[in-house]
Amino acid sequence: MLLISLSIHGVTATKLKHNEGEARKMYERWLLENEKNYNNLGEKERRFIVFKDNLKLIETHNLVSNRTYELGLNQFADLTVDESCCWAFSAAGAVEGINQITTGELISLSEQQLIDCATETNDRCDGGDAAYAFMFIKENGGIVTNKDYPFTGDKNATCKAIEMITTRKVTIDSYEGVPIFDEMSLKKAVANQPIAVGIDARNMHFYKDVILIDIVTKNLDFS
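Letter by letter, the sequence shown follows residues 1 to 223 in full-length UniProt numbering.
Calculated from the structure, these hints are not laboratory results. Check the hints yourself; a few may be wrong.
[Claimed, not checked] The calculated DSBU-like cross-link candidates involving lysine-lysine, where the alpha carbons are at most 35 Å apart (straight line), are:
| hint | residue 1 | residue 2 |
| --- | --- | --- |
| 1 | LYS155 | LYS25 |
| 2 | LYS188 | LYS208 |
| 3 | LYS56 | LYS138 |
| 4 | LYS56 | LYS147 |
| 5 | LYS147 | LYS169 |
| 6 | LYS36 | LYS160 |
| 7 | LYS25 | LYS188 |
| 8 | LYS56 | LYS25 |
| 9 | LYS155 | LYS52 |
| 10 | LYS138 | LYS25 |
| 11 | LYS138 | LYS188 |
| 12 | LYS188 | LYS44 |
[What the hints assert, rightly or not] Simulated restraints, written as ranges between beta carbons of each label pair:
| hint | residue 1 | residue 2 | range |
| --- | --- | --- | --- |
| 13 | GLU120 | ASN66 | 40 to 48 Å |
| 14 | ILE49 | LYS147 | 24 to 32 Å |
| 15 | GLY21 | LEU41 | 35 to 43 Å |
For every residue, glycine included, the Cβ atom is placed at its ideal position computed from N, Cα and C.
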């Protein structure tokens, strides 16, 4: 797929929608909706600061009338662009999808377990590959739910895979890669099940709606 490069510069000084108190309420609601639990108060506050910065970025972007696409809060709203845990979210999401297709039940699976445990070749939140997450799930005999192993954002937590042996919820039999630049193979893959994809997504971090027009590069920084 070829995307057109478009650069737009300049934002007029316009008051943003949400003040500190409103942003705090949005953050607390967002935490509940995304099943995130920060037991460390310092970490929760640090994440709120990141959330506020991202909210400002989103609102500033959307104030420009001739943007080709809209940004919005999503599950990555309290992460900085330097935190590359996305490979774990991508892998967990793909497994959630194939499990729903197979069983009819949509279960939220643990990204944090992948971040903590699938570390043989992945570097936690400093970069990783969904393929190695699939390898861990297969070799570990499954992955647990987000409820049993919630996301904390802790990049140095100890793996609880052994402790969770009785609570593994979803397993996979196998996984395989789709050849690069092979659109027919990609079409066949997505026609049957969700897939995990690595792309250069610096401008898609909070994508919400409309058509994104951007430039394609080989710098993979998002899954």
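Structure-based check of each hint:
no.	hint	verdict
1	LYS155 / LYS25	holds (26 Å)
2	LYS188 / LYS208	holds (26 Å)
3	LYS56 / LYS138	violated (40 Å)
4	LYS56 / LYS147	holds (30 Å)
5	LYS147 / LYS169	holds (11 Å)
6	LYS36 / LYS160	holds (18 Å)
7	LYS25 / LYS188	violated (43 Å)
8	LYS56 / LYS25	holds (15 Å)
9	LYS155 / LYS52	holds (21 Å)
10	LYS138 / LYS25	violated (39 Å)
11	LYS138 / LYS188	holds (23 Å)
12	LYS188 / LYS44	violated (42 Å)
13	GLU120 / ASN66: 40 to 48 Å	holds (46 Å)
14	ILE49 / LYS147: 24 to 32 Å	holds (27 Å)
15	GLY21 / LEU41: 35 to 43 Å	violated (19 Å)
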